[in-house]
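Chains as they are written, first to last, in my numbering: chain A, 13 to 218; chain B, 114 to 497; chain C, 150 to 897.
Note that these hints are calculated values from the structure, not bench results. Treat the numbers as computed from the prediction; the structure is a model and nothing was measured. All residues carry an ideal CB built from backbone N, CA and C; glycine is no exception. Just so you know, not all the hints are guaranteed correct.
Unchecked claim - Using 20 Å as the maximum straight-line C-alpha spacing, the simulated SDA-like pairs for lysine to any residue come out as follows:
{"no.": "1", "chain 1": "B", "residue 1": "454", "chain 2": "A", "residue 2": "210"}
{"no.": "2", "chain 1": "B", "residue 1": "222", "chain 2": "C", "residue 2": "174"}
{"no.": "3", "chain 1": "A", "residue 1": "138", "chain 2": "C", "residue 2": "179"}
{"no.": "4", "chain 1": "A", "residue 1": "85", "chain 2": "B", "residue 2": "317"}
{"no.": "5", "chain 1": "B", "residue 1": "454", "chain 2": "A", "residue 2": "194"}
{"no.": "6", "chain 1": "B", "residue 1": "454", "chain 2": "A", "residue 2": "173"}
{"no.": "7", "chain 1": "B", "residue 1": "454", "chain 2": "A", "residue 2": "189"}
{"no.": "8", "chain 1": "B", "residue 1": "389", "chain 2": "A", "residue 2": "119"}
{"no.": "9", "chain 1": "C", "residue 1": "455", "chain 2": "B", "residue 2": "307"}
{"no.": "10", "chain 1": "A", "residue 1": "138", "chain 2": "B", "residue 2": "310"}
{"no.": "11", "chain 1": "B", "residue 1": "454", "chain 2": "A", "residue 2": "171"}
{"no.": "12", "chain 1": "A", "residue 1": "182", "chain 2": "A", "residue 2": "119"}
{"no.": "13", "chain 1": "A", "residue 1": "97", "chain 2": "B", "residue 2": "310"}
{"no.": "14", "chain 1": "A", "residue 1": "97", "chain 2": "B", "residue 2": "222"}
{"no.": "15", "chain 1": "B", "residue 1": "454", "chain 2": "A", "residue 2": "200"}
{"no.": "16", "chain 1": "A", "residue 1": "97", "chain 2": "B", "residue 2": "307"}
{"no.": "17", "chain 1": "B", "residue 1": "454", "chain 2": "A", "residue 2": "199"}
{"no.": "18", "chain 1": "C", "residue 1": "455", "chain 2": "A", "residue 2": "212"}
{"no.": "19", "chain 1": "B", "residue 1": "219", "chain 2": "C", "residue 2": "179"}
{"no.": "20", "chain 1": "B", "residue 1": "372", "chain 2": "B", "residue 2": "256"}
{"no.": "21", "chain 1": "B", "residue 1": "421", "chain 2": "A", "residue 2": "173"}
{"no.": "22", "chain 1": "B", "residue 1": "454", "chain 2": "A", "residue 2": "192"}
{"no.": "23", "chain 1": "A", "residue 1": "86", "chain 2": "B", "residue 2": "173"}
{"no.": "24", "chain 1": "B", "residue 1": "454", "chain 2": "A", "residue 2": "89"}
{"no.": "25", "chain 1": "A", "residue 1": "97", "chain 2": "B", "residue 2": "214"}
{"no.": "26", "chain 1": "B", "residue 1": "421", "chain 2": "B", "residue 2": "431"}
{"no.": "27", "chain 1": "C", "residue 1": "308", "chain 2": "C", "residue 2": "551"}
{"no.": "28", "chain 1": "A", "residue 1": "182", "chain 2": "A", "residue 2": "89"}
Said to hold, decoys possible - Calculated Cβ distances over 12 Å to all of chain B for the following chain C residues:
{"no.": "29", "residue": "179"}
{"no.": "30", "residue": "733"}
{"no.": "31", "residue": "888"}
Residue-level listing of the chains:
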Amino acid sequence: MPEAQYEFFIDPSRCIGCQSCVQACSECDTHKGQAMIHLEFVNRHYSTQTAPVVCMHCDSPTCAEVCPADAIKKTPDGVVQTARKPRCIACNNCVLACPFGVPKMNSGAELMMKCDMCYDRTSIGKAPMCASVCPSGALYYGTREQIEAQRPRSMPINQFQFGQQTISTKVHMMVPRTAQPEHIDVLSAMHDHTSGHDIFLMMHDE
Amino acid sequence: MVKRHPVRKAILWGCITTISLAIMIAVGSRELAHFDAALVAYTFATLFATFGITYRYTMWLQRPPTAMYWKRGWQMFFKPQRLLTNMRNLFTRTSSDFAANRFIWKRGKLRWLAHWFIMWGCIVAVAITFPLVFGWLHFASVPGSLDSYRAYLFGFALFDFPVDSIFAFLMFHGLVWSSFAVIFGVMLAMWRRMRDHGAASVQQFVEDILPLILLFAISVTGVMLTASYTWMRGYAFDFIAILHAITVIFTLLYMPFGKFFHIFQRPAQLGATFYKDAGATSEQAHCRRCGEAYSSRMHVEDLISVQKQLGFRYEVAGEVEHYQWICPPCRRAMFVLAQTKQWQGNFGDQMFSSMHEQPAAPRFGNPVISEGPLGHEDQANLHF
Amino acid sequence: MAQLPRSELEMIAVFGPHLAHAQGQRLEAGVEPDRLVKTHCCFCGQQCGIQLKVKDNTVIGFEPWYDFPFNQGMLCPKGVKRYLQGAHPDRLLTALERDPASSGGFRPIGYDAAIQRVAGEIGRIQAQYGNSAFGILSGASLTTEKTYLMGKFARMCLKTPYIDYNGRLCMVSAGAANKKSFGIDRAANAWDDMLHTDVIWISGANVAECAPITTSYVWRARENGAKIIVVDPRITPIARTCDLYLPIKPGRDIALFNGILHLMIKHDWLDHEFINNHTVGFEAVAEHVADWTPKRTAEVTGIAEKGIQQAAEWWGTAKTSFMTHARGIEHHTHGVQNVLGAISLVLASGRIGRPNCGYATITGQANGQGGREHGQKCDQLPGWRDLANPEHRQHIANIWDMPVEEMPQPGVDAYEIFRKIETGEIKGLLSLCFNPKVSLPDSDYVSAMLDKLEFYTSIDFFLNDSARHADIVLPGSLQEEDEGTVTQAEGRVIKINQAIECPGEARQDWRIIQDIAQALGRSKGFTFDGPRAIFEELRRASKGGVADYSGISYEKIEAQNGVFWPCPSDDHPGTPRLFEPNSWNPVAKGAGPFYFPDGKARFNVAPYTPPAEDVDAEYPLMLTTGRVISHFLSGTQTRRIGPLVDQYAEPRIELHPQLAMRLNIQEGDWVTAQTRRGEITLRAQVVRTIRPDTIFVPYHWAGQKSINRLTIAAQDPISKIPEYKVCAVRLIKASQAPAYASQLEPQQ
Ligand code: HEM
Ligand code: SF4
Ligand code: SF4
Ligand code: SF4
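This is chain A alone, in the form it adopts within the complex (with noise of 0.2 Å):
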């Protein structure tokens, strides 16, 4: 099946906060009306950049493993879905747990919602919705020679380190070629507000 290999990029550097990913999220048919994926602005005092996180879609998934009523499933194809709706107790562990700060709490209807890739779409050869419409290529689905042949520059990673845990995810970060880290440790930027241009920099002062 062609479909089988077609993979999740993401590219938060380029992301320029549009919420195109936000808005079509909610028009996809597992939530419908309820955007999954997260965008924040990182310190918008400083600068414009965005934070667009969507569900990495672990190998072993934390999620799951801290859920209390078992309500996280993977799919065979590797997909981490939002909680089954007859178990999830709306503990918040999940929500907790999440190394990426990924599923969303629902309390009126108690329960855990989180990015399931689309899994309407992406099960059946489809994109997901954000990385569908996302203008900036900071969210992308295609294959790996696509983004390879797109993006010289980049290449993707899928391990993430935090302190002493490593997870390896289904979705890959696209990281510099130049680089070639092993991982990437997520708490190396502890002490950073954001990044951008200083306006004073290239100022004439007068």
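Place chains B and C with the ligands on chain A using the hints.
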């Protein structure tokens, strides 16, 4: 509690409940005096289901996160200073969430309608049939009165009622009403599952469709039984009876494994609410990146211990200690910033960093007015 | 008319803007649409391909159209949620007549009665005061067919010189400069030429928010090694990670371009062969920029010298390059000069008309390109012909079958039309696809002029803010209720397909115009049975012109996913890249690639002049305006779409923390901005992404939240574009929340 092999423990509890039920049946039916031998297959299936459900429940309770919630749920419930409120909440939550399924209403009106009918249909049916099957409840004509019945529970006479009363009609046709409720609910659920593209993509036959088929089959064969003896002079009654027995017995055997297990699992929902209540009023955990409160300290500490038991190594050197002490929004920001750092030097941007000033928590879209989808939810849940 | 028929609040209560959110069939996950209609977004000039899901004559959602080459399924949030504009509670389903006794100030009247009334008033005013007493304002979000019809309606049916359109607020500076330099006004390249270029220069274009899809081209180029230079007073999202960001003072772009050219000449980063063979006028420009030393450039532009040097070096030494700009440099009293400066950099580098070398203004409105080509501009006839040129007049008069003497001479620009209302020359006005009360500068003046009219009729699908002043409102059509062509930013002609029928008594705009013509008893030339018939006439009319559409057909557009004009014959594939060596055009006739008789491009001396209203002690700051991504133009549509309002609900004043500290303003505080024309009180957004001497306010809101009540009506002498991008302002912290805060919803 002494540490035991989890499977052995589950088998033990399974045996205990199964044997207890067997004894109750024996005693409740007055040494099987009121036990209908024709129903022996049902009884054995029920005993098997009891074993299976207890076994699975015990196994489930032994998973670290479940064990934690089980323990904490009771602890929080019985906290002396909270007990009164908890009792009150127990009552309101049982009626709104369990009896009325209010939270399913919030998920969708159609889902709610389907579920409410299935649930109450089944509850009524179970309330009628199981006591009858076990011989705990039986009816006999009142000696000396031809038009009255007397109800017996565990062999004790309860009350008399006239044969042609409305009560009697409802009583003896209770199973018909409940079947109709179940059929209606199942049809709605099926309709939704056939139409809804989202549901269609994730549902599995054994997990999602089979239970609906089973309930449908039980209800339809049940109604056919009534139809057979009421209007068709018992046409094919025996055949239908066997069919009905097969569907019920199969369902009972399926109970511990599939979707119906949620009936026994759901009460944990209450435990979770008591835990949350206690957490909201107790000491808060403050994110070690942005400094904002994001959950109860108790919850964070419990999760740390659960994660350790599960074999995760989220410990962090330095003042953060454990990754769990970072709030989810800061995790998202750091995840992205860690990538940004990889790209430093490639483009014109630079990092704004400071060891002294705490980074602010990231914020959704328009900070003045809108927060975007589920914004309020995140706020409610993460105590922002 | 003296004033609004009812108070603003009462009118808003009845006619909105109210919000639409997905509900019913639009929210259910199980609805199978009746059909998917391949069409395009109704908003910006990118014209993204999109498939609309239609069920029961309602657009219930969308599906990406992956195969459309420009956007390949990508959309911005406006495109994603545009489906919510249909079946909207505010939709006008009947014609309306001004009636102060009705709660909303209008009462419904029958469509035919409304047409009769409009025709009657036009007839009366023209009979009483002459043909030119009736004016027309049209728009660049209309299909090309409609814009063609509007021009014809003015010249042939009403015989008034006074028609102009809201492209006047959009691309006219670029258009005028392009004509002066290249002899043709179109983006010189398809965006594909960005992908493998060495340097992309972006001046005054908030690409990420106003042309979001272009972002993907810029980032893909960056992957291939391109350097990105962004010039803007604000660090917009596209500027955040660009390679070189130059924080220019609003209104000083020409100084920067002159300074860069100065350095190119100094370091001999020039393509002499190209300059000699394909251009004229270089020497004069070289002489002019001799004074623009880096030091002087830095002083005028407010950009550090090292930034100017770096930009010049990257631009000068590049092998391939792509220059883009947008309203940021065009919305100025010297907008044309700014664009000429940018073009000089392109011509001096010789990097145009070749693969991976390009130049383009990024068109703003849906049909910003097509809408400025076929005759709804005050001085223009179809095919980019000139209304003052006797030959051109004759050509079109023949097509229209009208005596050429009856064709009016050129009129005036859109703002001047209001000045003519003030002087009493214009007594009656018809507007379509234009909301001048929100989009024109110094807009309190504009509302006063609307009230001064004897008769005003507006065609729209919602009661827009200007239409509140109307005598008759005619219920027009949404984009998805009609078909026709649009020419998007790259010059690609694409086809809008009809998805649903107009609801109620609403009519397709071209029908309304033809019905008026008929009611006037002047239906000759206005008996088209549909857009296709109009397009066929447009093809003939444009034939031989610069904007030659004669080889384009609906079928060809579909087969090729769009056709780039010029396309002069049926077997011509269209022209994605202009000015290729040895290319033929009807003006040069083989003499060279540019659209002048000698085939050469023109260098133009572009002197620097400060903005019309510079800062002073009284008004010490610069006010600049622009867009946010979730809204479009005057917000008539987007302020009615709930999720887009959720995304950006109300305008805020963006200011730098240094300025905020001086004025003791905190994030979220109410702040009053004052100019010589008016004042506005909004909340503050304190960010380090803007120059400390500049404040920014987006313009999509009306009434008390409309920043155009403060902007200046000064215009470029050539293009007549207003100077939205800079005027003098002062800020003070407000002592309390404005009254509207408790009376109005954010979008109102
Ligand atoms: C005799 C009792 C019950 C029966 C027979 C029953 C049966 C079912 C069935 C068949 C479904 C699947 C519906 C579908 O296919 O969409 C379901 C779903 C569910 N049940 Fe029950 N149920 C019972 C009691 C309860 C109780 C007491 C609760 C909790 C208060 C509960 C909570 C749920 C939930 C949350 C779902 C998922 C609903 C959704 O969001 O789609 N059930 N139940
Ligand atoms: S990213 Fe989070 S929600 Fe997704 S699978 Fe991993 S732990 Fe679960
Ligand atoms: S659609 Fe893409 S660019 Fe826009 S906010 Fe989402 S991730 Fe960022
Ligand atoms: S507004 Fe422009 S960028 Fe956004 S979807 Fe529409 S055409 Fe595309």
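Hint check:
no. : hint             : in the structure
1   : B:454 with A:210 : 16 Å, holds
2   : B:222 with C:174 : 14 Å, holds
3   : A:138 with C:179 : 17 Å, holds
4   : A:85 with B:317  : 12 Å, holds
5   : B:454 with A:194 : 14 Å, holds
6   : B:454 with A:173 : 14 Å, holds
7   : B:454 with A:189 : 14 Å, holds
8   : B:389 with A:119 : 11 Å, holds
9   : C:455 with B:307 : 65 Å, violated
10  : A:138 with B:310 : 13 Å, holds
11  : B:454 with A:171 : 16 Å, holds
12  : A:182 with A:119 : 28 Å, violated
13  : A:97 with B:310  : 16 Å, holds
14  : A:97 with B:222  : 15 Å, holds
15  : B:454 with A:200 : 8 Å, holds
16  : A:97 with B:307  : 17 Å, holds
17  : B:454 with A:199 : 11 Å, holds
18  : C:455 with A:212 : 13 Å, holds
19  : B:219 with C:179 : 18 Å, holds
20  : B:372 with B:256 : 46 Å, violated
21  : B:421 with A:173 : 16 Å, holds
22  : B:454 with A:192 : 13 Å, holds
23  : A:86 with B:173  : 18 Å, holds
24  : B:454 with A:89  : 31 Å, violated
25  : A:97 with B:214  : 13 Å, holds
26  : B:421 with B:431 : 18 Å, holds
27  : C:308 with C:551 : 11 Å, holds
28  : A:182 with A:89  : 10 Å, holds
29  : 179              : 3 Å, violated
30  : 733              : 42 Å, holds
31  : 888              : 18 Å, holds
The earlier numbered hints that this structure contradicts are 9, 12, 20, 24, 29.
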